[in-house]
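Q: The residues making up each chain are set out below.
Number of protein chains: 2
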Amino acid sequence: MSRVVVDVMLKPEILDPQGQAIARKLPQLGYEGVTAVRQGKRFEVEIDGEADEAALERVRKIAETLLANPVIEDFEVRVL
Amino acid sequence: MSRVVVDVMLKPEILDPQGQAIARKLPQLGYEGVTAVRQGKRFEVEIDGEADEAALERVRKIAETLLANPVIEDFEVRVL
Numbered sequence: 025m026s027r028v029v030v031d032v033m034l035k036p037e038i039l040d041p042q043g044q045a046i047a048r049k050l051p052q053l054g055y056e057g058v059t060a061v062r063q064g065k066r067f068e069v070e071i072d073g074e075a076d077e078a079a080l081e082r083v084r085k086i087a088e089t090l091l092a093n094p095v096i097e098d099f100e101v102r103v104l
Numbered sequence: 025m026s027r028v029v030v031d032v033m034l035k036p037e038i039l040d041p042q043g044q045a046i047a048r049k050l051p052q053l054g055y056e057g058v059t060a061v062r063q064g065k066r067f068e069v070e071i072d073g074e075a076d077e078a079a080l081e082r083v084r085k086i087a088e089t090l091l092a093n094p095v096i097e098d099f100e101v102r103v104l
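If you're matching them up, the sequences are chains R and U in order.
In this text, residue positions in the first sequence follow the working numbering: the first is 25, and each later residue adds one.
In this text, residue positions in the second sequence follow the working numbering: the first is 25, and each later residue adds one.
These aren't lab readings, by the way, just hints derived from the structure by calculation.
Be careful, since some hints might not be right.
Identical copies go unnamed one by one, so any copy, or any two together, can satisfy a pair.
Below, a list of computed lysine-lysine pairs in the DSSO-like style, where the Cα atoms sit at most 27 Å apart [unchecked claim]: (1) 65 with 85; (2) 49 with 35; (3) 49 with 85; (4) 65 with 49; (5) 65 with 35.
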């Protein structure tokens with residue numbers, strides 16, 4: 025059994041209102057020094073067997089079709 | 025300027041219906057070999073200056089109060 029992480033973030037050119045709302049709130053709560061926040065998703069995918077290149081390719085396909093929206097999001101697959 | 029990542033995942037003992045729904049759907053879509061999926065959040069936090077211990081401690085405080093719910097979620101802070 026192996027564990028693979030898929031990080032999904034909005035593409036840099038896509039506005040992120042959730043992240044902006046958090047960043048705006050911080051100074052009011054007394055936290056200075058944060059210039060930006062972007063919010064994304066993180067998936068932990070447990071797979072049978074080893075996380076070899078074929079398995080990672082399969083997870084990439086899953087990420088592309090089910091976990092991320094490639095029009096507005098970038099994703100990254102890595103072994104945990 | 026530095027970039028810090030905050031990964032937020034449900035604690036292992038907390039059920040994750042979103043992740044389970046994805047895992048259940050995969051075989052129907054032709055993807056075999058995935059035994060579990062857990063969905064969490066990933067924040068990219070941009071801070072002024074260096075990501076030294078004091079800055080990371082500040083981000084940990086932000087994560088605890090604003091980004092994660094410590095009752096049901098674990099979080100991890102790391103420099104990108």
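Q: Take the hints in turn and mark each one as holding or not.
A: Evaluation of the provided hints:
In the homo-oligomer, the alpha carbons of residue 65 and residue 85 lie at most 27 Å apart both inside one protomer (17 Å) and across protomers (20 Å), since each shortest distance falls under that limit. In this homomeric assembly, residue 49 and residue 35 come within 27 Å of each other (Cα to Cα) both inside a single copy, at 23 Å, and across copies, at 26 Å. In this assembly of identical chains, residue 49 and residue 85 lie within 27 Å of each other by CA distance solely across copies; the values are 14 Å between and 37 Å within a copy. Taking the shortest Cα distances, residue 65 and residue 49 sit within 27 Å of each other both inside one copy (21 Å) and across copies (19 Å).
When the C-alpha separation of residue 65 and residue 35 is checked against a cutoff of 27 Å, the pair qualifies both within a copy, at 13 Å, and between copies, at 16 Å.
Of the hints listed earlier, there is not a single one the structure fails to meet.
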